[in-house]
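Peer 1: Chain residues, written in single-letter form:
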Amino acid sequence: MSSNLFVKRGFAIEAQTAKATDEQLSEINSELALGFSLAELKEIQNYFITEKRNPTDVELQTIAQTWSEHCCHKTFKGKINLDGKEIDSLFKTYIAKATKQIRAPWCVSVFEDNAGIVKFDKGYGIAAKVETHNHPSAVEPFGGAATGVGGVIRDILGVWADPIACTDVLGFGPLDYDYKKLPAGVKQPKYVYMGVTAGISAYGNNMGIPTVNGAIYFDDSYTGNVIVYCGCIGLLPLNRYAKNAKVGDAVVLAGGKTGRDGIHGVTFASAELTEKSEEISRPAVQIADPIEEEKVKRAIIEIRDLQLASAVTDIGGGGLSSAVGETAERFDCGVTADLAKVPLKYQGLAPWEIYLSESQERMLITVPQENLMRVMEVFEKEDVIATAIGTLTTERRLKLTYNDETVSDIDMTFLFNPCMSSKVATIEKTTLTEPEFPEPANLTETLLQLLAAPNIASKESVIRTYDHEVKGNTTLKPLQGEYAGPNDAAVLKPLDDSLKGLTISCGMNPNYGKIDAYWMAASAIDEAIRNNIAVGGRRISLLDNFTWGNPEKPERLGSLVRACQACYDFSVAFKAPFISGKDSLYNESPLGPVTPTLLITAVGVIPSIQSTVSMDLKNPGNLLYIIGETFNELGGSEYYKLKGFLGASVPKVKMGKAKRTFRAVTQAIDEGMVKSCHDLSEGGLAVTAAEMAFASGYGLELDLREVIGKDLVRSDFVLFSESNSRFLIEVAQAEREDFEELMKGKNCALIGEVTKEQKLLIHGLNGKIVVDAPLETLRRSWKKTLNPEETQQ
Amino acid sequence: MKIEEIKVCIMRVGGTNCDSETQRAFQELGVQAESVHVNELIKRRNLLDYSVLVFPGGFSFGDYVRSGVIFARHLSANLAKEMETFIDEGRPILGICNGFQIMVEYGLLPGFKGVSAYPEAALTTNEPSGFKCKWVHLKQENRGKCAFTGKIPVGKVISLPIAHGEGRLLFPKEKEEALLKTLIDEDMLVFRYCTKEGDFAEGKYPASPNGSFYDIAGICNREGNIFGLMPHPERAMYWWQQPDWTRQQQMMEYGDGKLIFQSIIDKLTKTS
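Line by line, the protein sequences give chains E and P.
The first sequence maps to residues 8 to 800 in this note's numbering.
The second sequence maps to residues -9 to 262 in this note's numbering.
Calculated from the structure, these hints are not laboratory results.
We put the beta carbon where it would ideally sit given N, CA and C, even for glycine.
Among the clues, some could well be false.
To be verified - Okay, the calculated beta carbon distance ranges per label pair: (1) E:Lys126 x P:Lys33: 36 to 42 Å; (2) P:Thr115 x E:Leu749: 49 to 55 Å; (3) P:Glu(-6) x E:Lys126: 34 to 40 Å; (4) E:Thr394 x P:Gln239: 56 to 62 Å; (5) E:Lys197 x P:Glu167: 39 to 45 Å; (6) P:Glu30 x E:Gln740: 58 to 64 Å; (7) P:Thr115 x E:Glu443: 50 to 56 Å.
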């Protein structure tokens, strides 16, 4: 360190900013790895001039954490100039605005806390949160994914909810990616895939939280930018949602000890990955200990039930520096804390390291002084270390000491009002065209290839490594029945004394985003909702998770704006409010930027789990209907991909029709007419029909001439189109009339029948048979890609 | 014993995570069941207040060494006297999944000659390796000694889920045939993995999820009061936990797991 810029004072180091030149400020910036812009550095310089002293390293690091993209979401909350038009906060303009406009009576807490909370039943609420953990997982797949799960579970504990289910959606590069083509610093996708999935199973299983829903998606751009979305759902009695901390309350740190793991995790998450990320950022990845979190969980829930604490928050990105400051800020207090009281894994940590460390399995609660003893007893009973490290104060300042030495004393208002950036966005003009190729002669072969395509193929070998049944409340499991068919959503029965169910699903269509981010987002929302509708869910709330490239690049930001516009449009159209979200930007590697990827998670309810519908066919002789219109929308489809094309005709969402379809399906389910239901997504009608058949052991005979749509002239397009808002529904002969009456005018058509013969038979547009395959062949194709063990059966 | 006198202790420690559903299963059948942290039992020294002891599933102490071994040693170091009395009096003990692993590490099972000082068997890494969560079929092989299977006729095939990475039961290679003979002769064999049709798995995946010796999924001690199994009966208690309930024309109220809990309650209420 250059000696004239830094002066050691006791345990802290003072940075000489007062008279520093721009170059010197930048040097301080890089020496301490702060990640500030020059404008921010100057603002800090000015602030400390008014304080009449120089900042300490603790203060600079604290400000750096608080102002980082990861913590304050500058891109989503800042100003954007889109082709001359100013957008003041993407978040306010699109995401939050939709929720505000919908005014859903079931929303309890949206966007403001660690997780969104909606009403459930009998005074209970459901908390939901989905996190991104991409950067850490790229550097250390197992640890990155495991701590991603651990982190999102703590978010749920951070609203006093008991975690009852996990979800995970992952994105990897092609597993057979050539080693020789990998640039330095990028790990082979198979290695990342094995590590990430093992990390997720290790955390969720060991903590005893079922992993019930998810997806795995493969895309070339994920080779350098792995995607790890970890979600968690919790249950809480709404009258125990304590958030009334006040001046004088003790600030208690509980859980794992603090070490050097996970320092600068948030600044790391707010930068691009480079060749050197491994070397430089390894310490930014934390170490997971799920058993510690399991113990912390028990204690937190007991403290909640005994009503001993006044507020809770998790310690995640930014470590104590985020949790302590944000807690005080939230309750309009200041805070004093002694960092020397923090229990350490080993000695020798500087005060700033203690304050920034992202060591896992730690929670922060505030406790009225009179309850402190009882709180400590609860932690002790569960073998959890807990320490009162500070107190909430009247004076709005962040005062930190290390024993007797003051290492931070800054104004809270300054700390929590970062200068917001203004970024430039532009919408990229694409010149994509529709490919021209003849209809293949053998569509059975094409279907088999599609079933084996990595994005469609069975993920059973991964799903089975996640315990999806612990807690004994998983009513509809991710894999259906003996043949392990893919259910559209998970259904849980969270309360012992109620049959009301919770439905959890997701939607993600990154390939569409290569054509248009707007329709990608619209499709993801449609898919998440229709997956939920398919099992019987309704009253849906949404969570958004954006993984994008560097937002400093105008065209990247432009597509982000497009996606947000769709979020607003379709959230409002479907009356499905956003309740929580998280973004991960700067996903760029030596191989280029990530394909913009929006994950939509949908959380709904079903009045009684008895009406849950699974995706497997139930009885020979039953009728099969398609509901929803089919268009020649194959742009970005798995079929085009198989043929080596992207195309231009991206699937759109027809708002009015989609809403009518969803309502009709829900009504048919409520009337008990739906024997099985499966949504149409990747691979279209053919894949959906095949899945329903091979999951059940019954065959299907279908006729494409009955399918309703526009300009349908090619059988392959009808089979593999990925038009949104469509379902296949099985109905008993006896209910034919009632069902058809209900579906009148709703674009519903009878296309075939369930057969005893274990075969999928499809008549093409010319009446001739275009698909003819035994179920066993279809099933084998679907399983062989990613499930060596299951295929040996 | 009257049903309301039955008190079940579900013993937990950091990392135990199937205690609440196990407690719920017992409570559903009308008996008192408590999930108790082992620290509390050590503090209060009241293990003998309970009539049944259950080691539920989970990852006790993280299972970072050998599954179950730390909990077993923790127990023998801190609660040995009460455990000894509990066992000597023939009170029933059930171990599910990690609980079964704990019992083997403690020496409670197989229990050829009472509690052994060293484990006489191992529950080791699955073959094929890795954690698996799925439903399996089991054939009931016990001729009447096991206190937990009285309600399940010999030869009946039941269905329960498993969720473990280390469930392959092994004996020392040189002794395995002799020990197997003892298991059979002394009626200590309880559940074996089989196909839906009831054919034994013969170690082959997927009917056998872990490659266990002789397809063994559950065994009891020579006296029949101590029983351990890898599958989870508490996850197969209710209709809505079944993997295929959406296919059923006529809904059963309970799943096969209930039979195990009901068996021990019947046994206790029928003997004075």
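Peer 1: Could you work out which earlier hints the structure fails to respect and list their numbers in ascending sequence?
Peer 2: Of the numbered hints given earlier, the structure breaks none, since each of them holds.
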